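**Q** Given the coordinates of chain A, assemble chains B, C, D and E onto it according to the supplied hints.
Residue numbers (numbering that gives the first Met the number 0), protein chains in the order written: chain A, 0 to 163; chain B, 0 to 181; chain C, 0 to 298; chain D, 0 to 288; chain E, 0 to 659.
Incorrect hints may have been included.
For lysine-lysine, the following DSS-like pairs were computed, each having C-alpha atoms within a straight-line distance of at most 30 Å [as the list claims (entries may be wrong)]: (1) 107(E) x 54(A); (2) 593(E) x 274(C); (3) 166(B) x 1(D); (4) 11(D) x 109(B); (5) 615(E) x 282(C); (6) 52(B) x 398(E); (7) 603(E) x 73(C); (8) 274(C) x 615(E); (9) 274(C) x 110(D); (10) 99(D) x 166(B); (11) 405(E) x 52(B); (12) 11(D) x 161(B); (13) 282(C) x 516(E); (14) 44(C) x 28(C); (15) 81(A) x 29(E); (16) 81(A) x 643(E); (17) 98(D) x 161(C); (18) 54(A) x 21(E); (19) 516(E) x 274(C); (20) 65(C) x 603(E); (21) 110(D) x 175(B); (22) 166(D) x 474(E); (23) 66(B) x 243(D); (24) 243(D) x 143(D); (25) 98(D) x 175(B); (26) 282(C) x 65(C); (27) 19(B) x 98(D); (28) 65(C) x 607(E); (29) 81(A) x 190(C); (30) 516(E) x 603(E); (31) 166(D) x 83(B); (32) 607(E) x 282(C); (33) 157(B) x 175(B); (34) 161(C) x 99(D); (35) 270(C) x 83(B); (36) 474(E) x 83(B); (37) 23(B) x 157(D); (38) 21(E) x 157(D); (39) 160(D) x 474(E); (40) 607(E) x 70(C).
None of these hints come from the bench; they were simulated from the model. Bear in mind the structure is a predicted one, so any value in this text is a computation, not a measurement.
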Amino acid sequence: MENNRVEEDDKNAQNDKGNLSGSGSAKEKEPRIIAFVCNWCTYNGADLAGTSRMKYAENVRVIKLPCTGRIDPLFVVEAFKKGAKGVLVSGCHPGDCHYTSGNYHSRRKYTAFRDLLSYFGVDTNRVEFSWISASEGNKWVSVINDFTNKIKSLPDSSDIFSKQ
Amino acid sequence: MKTVINEQERRNFASEVESKLHDKLAKCYQCGKCSAGCPVNFEMDYTPNQIIKMTELGMADRVLNSKTIWLCVSCNTCSTRCPKGFEVAGIMDVLREVAAKRGIESKTEKEVQTFHEVFLDNVKSNGRIFELELVGKYKLKTKHLFRDMFLAPKMIEKGKLKMHSDKVSNINQIAKIFKDFE
Amino acid sequence: MEKMNDKLQNTAKELLESKEVNLIIGFAKGSNPLRMRSVFITDPKDAYKISFNAHCVQDLAVFLKKPEVKKFGKIGIVVKGCDEKAVNTLIQEYQLSRDNIKIIGVECRGAIKQNLADRGEDSVKQSTVYDKCLACEVHTPLLYDYLVESDEPAFEITGDVKPYAKIEELDAMSVEDRNMFWQKEFEKCIKCYACRQACPLCYCTRCIVEKNTPQWIETNIEETGNAQWNMIRAYHLSGRCIGCGECERACPVNIPLMLVNEKMARDVFEKFGYKSGLDINAKPVFGTFDANDFNEFIK
Amino acid sequence: MKLAYYPGCSLKGTSFEYETSLLKILEALNIEVQEIPDWNCCGASAAHSLNHNLSVALPARNLAIAENNGFEEVLAPCAACSSRLKTAKHEMGSDDILKKRISDSLEMPYKNSLNISNMLEFLLNIAGKEKIKSLVKKPLSSLKVASYYGCLLVRPPKVMKFDDPDKPVSMDELVALTGAVPVDYSYKTECCGAINSLSKPDVVMALTGKILYDIKEHGADLVVVACPLCHSNLDVRQREIERKYAERIGLPVLFITELLGLAFGFSPEELAIGGHMVNADKILQKLSN
Amino acid sequence: MARIGVFVCWCGSNIAGTVDVKRVAEEAAKIPGVVEAVDYKYMCSDPGQNTLRKMIKDKNLTGVVLAACSPHMHENTFRKAAVKEGLNPYFIEIANIREQVSWVHEDKEKATAKAIDLLKMMVEKVKRNKPIEDVRVPLTKKALVVGGGISGIQAALDIANGGVEVILVEKEPSIGGKMIQLDETFPTLDCSSCIMTPKMVEVYQHPNIKLYTYSELEDVSGYIGNFNVKIKKKARSIVEKDCTGCGDCWNACPMHKNVKSEFNVNLSERTAIYVPFPQAVPLIPVIDRSVCLHYKKGGKCQKCYDACGPKCIDFDLQDEIIEEKVGAIVAATGYDLMENSLYGEYGYGQFKDVISGLQFERLLSASGPTEGVVKRPSDGKTPETIVFIQCVGSRDPEKGVPYCSKVCCMYTAKHAKLFAHKVHGSQSYVFYIDIRATSKGYEEFVRSTMENDGAIYLRGRVSKIYEDNGKLIVKGADTLSGNQVEIAADMVVLATGVIPKKGSDKIAQMLGISYDKYGFYTESHPKLRPAESSTAGIYLAGMAQGPRDIPESVVSGSAAASKILGLFSKSEYEVEGTIASVNKTTCVGCFYCKRVCAYSAISKEEVKDRNGNVLKVVANVNSGLCAGCGACVNACFSKSIDLKGYLDEQIFAEIKSLAV
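Same shape as in the complex, but just chain A:
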């Protein structure tokens, strides 16, 4: 009940899907990459890449969250289910977390989660983790480019979360 308004919109959105996919026109030869990044380090690092006019692959779509501590591993599963070919999780370097320890908690969870993914037969090449600080615009660029190239080199995934 809490969200009638939105559910309605969603239905419409689904109906209109074909029309509004700006990206749909490229017929998705290009793999989609979703990046979950923290607000304080990596998002600023990506901004720095922008202000420095560095160039990188267009495949990435950034979802901003306050902290890596907020980036639930289950978001990664959801991203795969919705067709992402690669998922990047990125935040502040150890010791630099804006919230002291969010990245440490997150690192623990992802350590286990990554092993679980692999155990279930998901190619862990499709999930990338990085620490990128606000001053590492160049690292952002190389992480995105390398990851995009890696994803492009992988065969079509048929793992349990990607099957439609």
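**A** For chains B, C, D and E alone, kept in the frame of chain A given last:
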């Protein structure tokens, strides 16, 4: 003194020592407490902390030919007091072992090296130490025939020098140990 | 066994008589002598019903999460070593107060696989017990108020026993092959959630699958949704699962869930040196961190 | 508890006095030990100087034999032997691969479960102070005794796990039990040069001399030790040191077991005290007065 | 039904040069819920903002998405504009199509497609936004300072001088801390008590400062602006208001020479009723009940009472608990020195003339046990040769601590210098590993100790100290010459390492602030928020944070004070509303959220029925403490906790909008 550091050689030597030592040379911050407490420092050509630094810098020739490594008496005063918990006495063992493996014969401390070798030979053939044989062979090898000779009569009189010794009966097993770990 | 049962019954009786507890959860003989059932005793006169043998497979700690049990307040429970770890975890996670529970620990020599018992197997041997019993480190429970010692000898383990050997096999497979394996397994899932119901540690009153804004898990039975459920279950239990095996036993389509749980337990131990359920005062592995944690997979 | 006894080579040779006195007092203490069957040399300093793995494998054979014979505790009276046995145990405890290699080479299962005691540890922990005290028949109250620990009893502490490496007290405690007066001095844990006794006699005499003169200065009547190597440097080389530094020392060097034996009322002959190079008659006389 | 307005900014050619802004706007208009989508040259300009405001009003918008530059640039600008039209500021979302699209991509087709995607994500997010109110917390404008050393005193004075009431709590009978024990201070050699005593007196007389000495923190609850503290005022056995500090009582005490003086670090004795030192503030004695004969012998001795003129001694006084309400707290609990007895090889405790640096301070001090004449504790003779050993306990992970204690290099240089000044013809030897003299005038000070005062510095550590004929034989190494050296000294001074004050961990637990593995309090951010603890409203000062010298301690005290004055300058404390909230119906109280919260913002709350029976215990977010990181949300198994502004539902919608 001047040393040109060859990075490849430096790495090879330092990592060979580190892997045998199970410790990192970089741990040592050169406080010198090892050299301060070493009972035989006065005879050494390099202080223990210098040996550690020289090993880190890959100065294999100088380290392996040093008097220091053979003069160390393994009393462990250094390791016990080291604020960083570095195996100072341990590195001396490793360096002696490396020197022996490389066939380096100590020019100045030949006696120490020979003594260890004769000692192990004695263990290899008897399983236990037969002191009279050990001393005799050592003297033959080092040609120090008359050193300490004046002690012998009194030691024999006191019953300290036995004329025979018991061997290990399963001597094959000792031989196997030597074969497996030599 | 008789000595054990006497002690169990006496302990239960005394606890109820002295009003130290209001309820005792234990095992009792069922209609089939090789199947034991759970029993709930409130009257000291009924204490004689309590009994224990190698067919006491169930983890009774599962009842501790039920509101109809909780309302009794002070409770006594009969637990084997493995099940007792569930009690520890419940205490660790504030679901149970140490003051409200009397733990009657029984020394367990191993539980006979139920499918074998149903065919008449009655002896505890390497070949008849569950895999968890082969790897058991807690034949005597870690924490208890009363201990009932076993009067049976421990069975002999001979040869190279590898419990859950399939894990190593899976680890050695290619990703694609593992994918195939689990796809086949999860295909069978009917999302009945029996695994959840049987688990003593799945105590949430509203499970994540029941949340629909957002919908964390597809509700219909299709492959990705099935896999997603199994993923979330495994993830939520990693670092917590105490390996009682009840989920796997409850699964009507025989998904080898313990291969998942055990894998995660090994992983957590390897990476963080943590084993679940050992210490009621320990910080749960995912409730804390170390600045020097495993970092190798991060760029 | 089955107690194993690892004599080591010295106790069967130059330091026979140690073994003789040791067996006497164990008899008095009513403690039975059995020699490890077919034991071999621990490799001493030579092995660890030239070949690390051998320095673990040689003592390991003794430990494995003892373990497979059902022993739980080993007494190694020689400080050097106990140090090598303890080190071997420590190394195998932290290196599973080496442990397995050794066990394979010996063709014996090996759990690394034995506890190893040096002489002092054995006396304090297994015999116990109370029992030792109760056996003292002739208190040695006229004697001032310096305890010399040397290196291998207490160092390195993470392997030996015994007493304080810089302020050890265990031997002084045993001395006090005999009624004798323990003498404090500076060089209790300084090294005597031990292993290089034959190969570097000059160095050894310098080190040993420093220790002996310091003890002398602090007014001790005699020195006690719990190590055959220490004993041979302090005792056998004492005359030479006196000659070299042209100053008399004249300090009898006894094994701690001999001192306890005297207090227990054994005769010097029973304890083989006559086997030492430095004559102990003067102190024995002092005792009989 | 959502009514979303979309604005696509050209940013001149910055965006429009690479992204087809018209097409982006066209595509946006097709998204369900979007009522209008326009493009504009500069959205951040005044006319741009007016366009935004006009559409909010005219179209009655429920949400706005701007496709523009990074939210870190202008999010606030647009939020403010929205607020003026009565829209909740959190209903503004920004799709970053400049830094993440136009500036980093070149292919116009692909860049435009990506811009559309980013915009769609934000539309889906804004549709699910909920109004968020910023949190306002009332402030009790009174501060508590824990610890009366130099940093605590500085903090208290600065806050009090800013017109705010301060409560200063000190565990010892007098304030002054460690600094009052020092003789002269490096590098200027001004006398410590000369500069410290006036500050102590100022604290005592300040109308805004309430001083509780011989008192300890007992309990703390509440949060920023609203802390409730309990202070235990230990029984002094003196009625403080009547005491004149005349000294008749301690002069009458029969227990002289029986108890070691803490102030003189065991180098002298004190009585059972005593003031720790003559300049103590307050100058009111205290009875040490653990040694006083009155308490030990059943009330027989009352010589002090008999001697007391105003009869202000009350043997029956009890501990008292005082409750105070404060808005902010400074933790300045200070430090201790490590136990030197860990070093058997140095013989501390065994050799009387091996002493600690702090003991040497007392020997140098005119108010010390020897009235400033350097004498050996063993025989009272003036030493001619002193060996100073640095890094005793510091930089020693085996026996001590791995960190550098920071002050020892400097105070050792000072000791050697003062010793040279006091004893002519004397000689100092200093064993060091590295010299750390990095503040103003420090390097020059150390050099002058070597060059002008003749101290010999040896680079190396000491391995062992022996005693020989009344001399201490120090056996060390000089690694520069590669030699083992032996020095016969009359006295040895150990530069002992610094560790957190005993019990400071308990205070941290009471305050809910974090500390490192050594026990030093950790800063909210090591560089940018060095005065703040991890808990809002609690500030840090002095050595409790880690080794530092006097000027740094003073600076940190002032920094904490200025933070508090800044906080109190507003009528209420305001925090962003993007914080966590708990669904108390579904929460089962496993408290993983509490475990992962770095701000102690989660507390346990009992849910009760009408009769007051506890039904269950659930998590509760304290809005004053929550920083909005969302770690708790991840920790929650049943998803009963969510983060406002970044709801799970919104993230899912963003992911879904990208579905291919």
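**Q** Taking the hints in turn, state whether each one holds.
**A** Hint check results:
1. A threshold of 30 Å between alpha carbons decides the hint, and for residue 107(E) with residue 54(A) the separation of about 13 Å falls inside it, so the pair holds.
2. The suggested pairing of residue 593(E) with residue 274(C) holds, with an alpha-carbon distance near 21 Å, which does not exceed 30 Å.
3. Distance restraint check for residue 166(B) and residue 1(D): the Cα-Cα separation of roughly 25 Å lies within the 30 Å cut-off, and the hinted pair is therefore satisfied.
4. This hinted pair checks out: residue 11(D) and residue 109(B) have alpha carbons roughly 28 Å apart, not beyond 30 Å.
5. Between residue 615(E) and residue 282(C) the CA atoms are separated by roughly 22 Å; this keeps the pair inside 30 Å, and the hint holds.
6. Taking the CA atoms of residue 52(B) and residue 398(E), the gap is near 23 Å; set against the 30 Å cutoff, the hint holds.
7. Straight-line distance between C-alpha atoms of residue 603(E) and residue 73(C) comes to about 22 Å, which keeps the hinted pair within the 30 Å bound.
8. Between residue 274(C) and residue 615(E) the CA atoms are separated by roughly 28 Å; this keeps the pair inside 30 Å, and the hint holds.
9. For the hint linking residue 274(C) to residue 110(D), the alpha-carbon distance of about 24 Å falls within 30 Å, and the restraint holds.
10. For the hint linking residue 99(D) to residue 166(B), the alpha-carbon distance of about 27 Å falls within 30 Å, and the restraint holds.
11. For the hint pairing residue 405(E) with residue 52(B), the CA-to-CA distance comes to about 26 Å; that is within 30 Å, so the pair holds.
12. About 9 Å separates the Cα atoms of residue 11(D) and residue 161(B), which keeps this hinted pair within 30 Å; it holds.
13. A hinted pair counts as satisfied when its Cα atoms are at most 30 Å apart, and residue 282(C) with residue 516(E) qualifies at roughly 16 Å.
14. Of the supplied pair hints, the one linking residue 44(C) and residue 28(C) holds, its CA atoms being roughly 17 Å apart against a limit of 30 Å.
15. Our distance criterion of 30 Å between C-alpha atoms is met by residue 81(A) and residue 29(E), whose separation comes to about 22 Å.
16. Taken as a hint, the residue 81(A) and residue 643(E) pair is honoured in the structure, with Cα atoms around 24 Å apart against an allowance of 30 Å.
17. Between residue 98(D) and residue 161(C) the CA atoms are separated by roughly 22 Å; this keeps the pair inside 30 Å, and the hint holds.
18. A threshold of 30 Å between alpha carbons decides the hint, and for residue 54(A) with residue 21(E) the separation of about 23 Å falls inside it, so the pair holds.
19. Restraint check: the Cα-Cα separation between residue 516(E) and residue 274(C) comes to about 23 Å, which is no more than 30 Å; the hinted pair holds.
20. With a C-alpha separation of about 22 Å, the suggested pair residue 65(C) and residue 603(E) falls inside the 30 Å cut-off, and the hint holds.
21. At most 30 Å may separate the alpha-carbon atoms for a hinted pair to count; residue 110(D) and residue 175(B) meet this at roughly 20 Å.
22. Taking the CA atoms of residue 166(D) and residue 474(E), the gap is about 16 Å. The hint holds against a cut of 30 Å.
23. Using a Cα cut-off of 30 Å, the hinted pair residue 66(B) and residue 243(D) holds, with the two alpha carbons roughly 24 Å apart.
24. Distance check on the hinted pair: residue 243(D) and residue 143(D) sit about 26 Å apart at the alpha-carbon level, within 30 Å; holds.
25. Proximity of residue 98(D) to residue 175(B) is assessed by CA-CA distance (about 16 Å); at most 30 Å being required, the pair is judged to hold.
26. For the suggested pair residue 282(C) and residue 65(C), the alpha carbons sit about 25 Å apart, so the restraint of at most 30 Å is met.
27. Only pairs whose Cα atoms come within 30 Å are accepted, and residue 19(B) paired with residue 98(D) is accepted, the gap being roughly 16 Å.
28. The suggested pairing of residue 65(C) with residue 607(E) holds, with an alpha-carbon distance near 19 Å, which does not exceed 30 Å.
29. Note on residue 81(A) and residue 190(C): the hinted pairing holds, with a Cα-Cα distance of about 21 Å set against a maximum of 30 Å.
30. Distance check on the hinted pair: residue 516(E) and residue 603(E) sit about 26 Å apart at the alpha-carbon level, within 30 Å; holds.
31. Distance restraint check for residue 166(D) and residue 83(B): the Cα-Cα separation of roughly 20 Å lies within the 30 Å cut-off, and the hinted pair is therefore satisfied.
32. The hinted pair formed by residue 607(E) and residue 282(C) meets the criterion: a straight-line CA distance of about 28 Å does not exceed 30 Å.
33. About 37 Å separates the Cα atoms of residue 157(B) and residue 175(B), which puts this hinted pair outside 30 Å; it is violated.
34. Among the hinted pairs, residue 161(C) with residue 99(D) is consistent with the structure: their alpha-carbon atoms are about 19 Å apart, no more than 30 Å.
35. At roughly 26 Å between alpha-carbon atoms, residue 270(C) and residue 83(B) fall within 30 Å of each other, so this suggested pair holds.
36. A distance of roughly 19 Å separates the Cα atoms of residue 474(E) and residue 83(B); the hinted pair therefore holds under the 30 Å criterion.
37. Straight-line distance between C-alpha atoms of residue 23(B) and residue 157(D) comes to about 18 Å, which keeps the hinted pair within the 30 Å bound.
38. Distance restraint check for residue 21(E) and residue 157(D): the Cα-Cα separation of roughly 75 Å exceeds the 30 Å cut-off, and the hinted pair is therefore not satisfied.
39. Under the criterion of a C-alpha separation no larger than 30 Å, the hint pairing residue 160(D) with residue 474(E) is consistent with the structure, at around 26 Å.
40. Among the hinted pairs, residue 607(E) with residue 70(C) is consistent with the structure: their alpha-carbon atoms are about 15 Å apart, no more than 30 Å.
Of the hints listed earlier, those the structure fails to meet are numbers 33, 38, in rising order.
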